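Undergrad: Working from the sequences, and respecting the hints, build out all of it.
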Amino acid sequence: MGKLTIGCFASLIGSMNLDFAVKLSGAALEKGHKVDLWVSGNATMLSIEKQREFKDYSSLEKPLKELMEKGLKVTACEACAEARGYHKENTMEGFQRFSMDWYLASIFDADRVLHIGGE
Amino acid sequence: MATTKLGFVVQRPPYKSENPKLALTHAISSQSVEIYLEDGDLVTADIAFVGDGVLNCKKDQKAMEHYGLSSTESHIKMSLLLDLNVLVCKEDLERFGMTENDIVIDAEEFGADVEVKVVPYDEIAKMMEEMNHLLFF
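From first to last, the protein sequence lines stand for chains A and B.
Position 92, counted from 1, in the first sequence is what the numbering used here calls 92; the numbers after and before it change by one each time, with no gaps.
Position in the second sequence (from 1) plus 1000 gives the number in the numbering used here.
Hints were generated in silico from the structure; no laboratory data involved.
There are no misleading hints in this set.
In silico BS3-like cross-links for lysine-lysine, where the CA-CA straight-line distance does not exceed 27 angstroms:
1. K1005/B <-> K3/A
2. K3/A <-> K23/A
3. K34/A <-> K1005/B
4. K31/A <-> K70/A
5. K1090/B <-> K1117/B
6. K1126/B <-> K1058/B
7. K1117/B <-> K1058/B
8. K73/A <-> K1005/B
9. K62/A <-> K31/A
In this text the structure is predicted, and so the values were computed from the model without any measurement.
TA: Written out as structure tokens, the structure reads:
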């Protein structure tokens, strides 16, 4: 089985790219692959805990937590998060925060990289 | 010991979105990635500006004066200081009526030894073929 690294830079609200990235992560995990998901820029919005669910907006906390239990490693760019006021104390449990070199290190031994840029 | 080559391709103009700056900061972070890797393993970063992305290379940017932000130009200079390979598409520059004289070429003031290279698209395509992974911004 292989390793897939996904980098997503698009916001949770206003774009469906994060929905796609999380769904793809789930599909890859189901097939037995290892998956790292890196969120940077506006995508760090994904890391905030206790987001209220509305039918009109994407809400990925529940599926994300289920995937993390199955082994998905999710990491937010710490600087991008802090710049937006997303602090460690309101970060979803299990969500890692590192600097950008973590993403490059994950890519280092990835078999495939899917980089989804921002808006 | 292994090396993974990453190509950062910047297609978007500066200050309209965060993408070009994130491309540069991620590329620059290749210099500190070793803390996560085994001894001798490396990640290299090449940067190419194409399409509207060549506008990021305009020299004498006033981002600090107007936005209170570090400029994309300063990030390009930092990339040169770190010896990253920075390519700019010649044809796309010409489409904007720009030449080498209009863009940042060196970072002598920082003591950088390498310079931005203005090259035909064919050379950028060749660079991309040599990379293990491409990241489009």
